[in-house]
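**Student:** As they're listed, the protein sequences go chains X and V. Reading the first sequence from the start, the letters are residues 1 to 252 in the numbering used here. Reading the second sequence from the start, the letters are residues 1 to 282 in the numbering used here.
FYI, nobody ran anything at the bench for these hints, they're computed from the structure. Here the structure is a predicted model, which means the values were calculated and not measured. Don't take each hint at face value.
Dumping the calculated DSS-like pairs for lysine-lysine here, alpha-carbon to alpha-carbon at most 25 Å [stated by the list, open to error]:
no., chain 1, residue 1, chain 2, residue 2
1, X, LYS110, X, LYS145
2, X, LYS144, V, LYS185
3, X, LYS118, V, LYS185
4, V, LYS99, X, LYS144
5, V, LYS185, X, LYS85
6, X, LYS131, X, LYS195
7, X, LYS115, V, LYS185
Rough simulated footprint, nothing fancy, chain X against chain V, three-plus residues with beta-carbon under 8 Å [unchecked claim]:
no., stretch
8, 163 to 175
9, 272 to 282
Here are a few chain X residues that face chain V, going by a calculated C-beta distance under 7 Å [as the list claims (entries may be wrong)]:
no., residue
10, MET88
11, PRO97
12, SER100
13, ASN112
14, ASN143
15, SER147
Yeah, the Cβ is synthetic: ideal placement off N, Cα and C, and Gly gets one too.
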Amino acid sequence: MESTIIKSRNFNASFGSNHVVKNVNIDIPRNHIIAVMGPSGCGKTTYLRCINRMHELIPGATSSGEMDLNGEDVYQMHPIFVRLKIGMVFQRPNPFPNLSIYDNVIAGYKLNGIKLPKAERDRIVEQSLTKVALWKEVKDSLNKKGSFLSGGQQQRLCIARTVAMEPEVILFDEPTSALDPISTSTVEELFHELKANYTLIIVTHNMQQAARVSDKTAFFFLGELVEYDETKIMFTNPKDNRTQNYITGRFS
Amino acid sequence: MNIDSVKFRLGKNRGFQILIYVLAFACVVPLLAILLFIIKAGITKINWHFLVNIPKPVGETGGGIANALVGSIIIILVASVIAIPIGILAGVYLSENRKSKLAYWTRLSTDILQGVPSIVIGIVAYFWLVKPLRGFSALSGSVALAIMMLPIVVRSTEETLKLLPPSLKEAALALGMPFHRVIFKVVIPVGIGGILSGVMLSIARITGETAPLLFTAFGNPYLSFKLTKPMQSLPLLIFNYATSPYNDWHDLAWGASLILLVWVIFLNIFTKIITRKWKVQL
Ligand SMILES: Nc1ncnc2c1ncn2[C@@H]1O[C@H](COP(=O)(O)OP(=O)(O)OP(=O)(O)O)[C@@H](O)[C@H]1O
Ligand SMILES: [Mg+2]
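Chain X with its partners taken away, still in its complex shape:
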């Protein structure tokens, strides 16, 4: 039986008077990969940032409705607690430029002032880097700055940093759009590995990517969740003709 990890009910988000996420209702099952698609400006990023309460950091941004994590409304929890449970990976790799690769991985502990014994830290670093298939490449240069890595390696470092915090859900906002094809496929393979332990929600403009990696796909259009179903069904037999038009490339 699938259990729901994220549940939205009548969820709305705005920037001032600009209503960009409209009445979204969705149930996201645990340990699945969900692709979020839709034309540019339809509110995908905004919705994603509402899940871990990053949206409210923008001046003038508001939201309403229900957003549950394991049945508990995240808007009733402390945002810091929410963000520890729901990690986020951004479009452009953003490792901390002042920290070494090693410290980047444990940044969530180190910068939060959580003291861990050295052995524990070493374990977390090795484990997280192994999970993102970066360990072999960087194990001899852990003390180098993270910003010396290639774009694809930096993005995997950012994923490692998120994974190290052992969140339940990881949000990805177009995680491969700044990467070359080879790095992209490395990151895509990673998604399959991560699925065993985490729930992944991935915003992507790349339809092949959505088809390749996701279990379910959500299609947003002008702020509404138009359709949400098994990825196979979405790509072969969409019910809404806006989805169909998008998938067949009639608008972008």
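Given the structure of chain X, go ahead and fit chain V with the ligands onto it with the hints provided.
**Tutor:** Positioned in the frame of chain X, the structure of chain V with the ligands alone reads:
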């Protein structure tokens, strides 16, 4: 187009090139002239004895500037301790709250403060601190200098932090970091090169300030470590001794001028090194 007019224009061009070379060199001349002059006048006065002794009374030869050197260091250190934390935090506020009313007024005040003549700041410090506390003191001098440092530190911090990509802060926030940790553990460390260069420049700026100290630290012919008492400093010593009628005292002033100059040059070079070394590759 005939060949003569081309030649004429080439000639004009050559003339212009020479002119800008000359003007560029003209900017270097004053500094070189000052340097040579001060070095010539001061270098023979400086030796170990000069650095570790206090001035001798009139009539006795020898003596040094130890009291002024120590005083300058103390006054500047205390001014830094006051101005740097306030300046950096105010700079953080300005870069974090770009559009708030308070930010607008803070920005405006720092701009105006930067243009306030130092003697005015000295007088204000005199009325605020020296008079109520009934006496000249090193501390009041430090406060006056701290006020002069503030705008430089605030604005250089703000400008540095504004250039940091927003993605940096988002990365930290998304890891569940509270705001104060994002600032102290990520934003300030990443911008530290720029912040420190502002700090160094502000120190270089106040090192030679004389006017605000006339009414506050006042000067002291003896070595003093007490913040609540008058204290000597290099610019005060130069001012007082250079205008005295005694040749021995003139020598002290020349030596002190050279020390001051070396100090400022050293700070400027040090700033360049820090900015380069501590610049975080984004
Ligand atoms: N920081 C912001 N301040 C104000 N309005 C914003 C902000 N970010 C986005 N918007 C508005 O919200 C709407 C939705 O933007 P959003 O970034 O969620 O779209 P998106 O689906 O992620 O688009 P894309 O595919 O281009 O990334 C847009 O119309 C945009 O104008
Ligand atoms: Mg987006």
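**Student:** Now look at each hint and say whether the structure bears it out.
**Tutor:** For each hint, the structure was consulted:
Proximity of LYS110(X) to LYS145(X) is assessed by CA-CA distance (about 16 Å); at most 25 Å being required, the pair is judged to hold. For the suggested pair LYS144(X) and LYS185(V), the alpha carbons sit about 19 Å apart, so the restraint of at most 25 Å is met. With a C-alpha separation of about 20 Å, the suggested pair LYS118(X) and LYS185(V) falls inside the 25 Å cut-off, and the hint holds. Proximity of LYS99(V) to LYS144(X) is assessed by CA-CA distance (about 38 Å); at most 25 Å being required, the pair is judged violated.
A distance of roughly 21 Å separates the Cα atoms of LYS185(V) and LYS85(X); the hinted pair therefore holds under the 25 Å criterion. A C-alpha spacing of about 11 Å is found between LYS131(X) and LYS195(X), which places the hinted pair at or below 25 Å, so the restraint holds. Distance check on the hinted pair: LYS115(X) and LYS185(V) sit about 15 Å apart at the alpha-carbon level, within 25 Å; holds. Counting residues of the stretch 163 to 175 of chain V whose beta-carbon sits less than 8 Å from any beta-carbon of chain X gives 9, enough to reach three: the coverage restraint holds.
Coverage of the stretch 272 to 282 of chain V by chain X holds. Counting CB-CB distances below 8 Å, 3 residues qualify, and the rule asks for three or more. With a least beta-carbon distance of about 4 Å to chain V, the hint placing MET88(X) at the interface is held under the 7 Å criterion. Taking 7 Å as the C-beta contact cut-off toward chain V, the hint placing PRO97(X) at the interface holds, the least distance being around 5 Å. The beta carbon of SER100(X) is not positioned within 7 Å of any beta carbon in chain V (closest approach about 12 Å), and the interface hint is therefore violated.
Residue-level restraint check for ASN112(X) holds (minimum Cβ-Cβ distance to chain V is 6 Å; threshold 7 Å). This hint is violated: ASN143(X) has a C-beta 15 Å from the nearest C-beta of chain V, more than the 7 Å allowed. Taking 7 Å as the C-beta cut-off, the interface hint given for SER147(X) holds, the closest approach to chain V being about 5 Å.
Comparing the model with each numbered hint stated earlier shows that hints 4, 12 and 14 do not hold.
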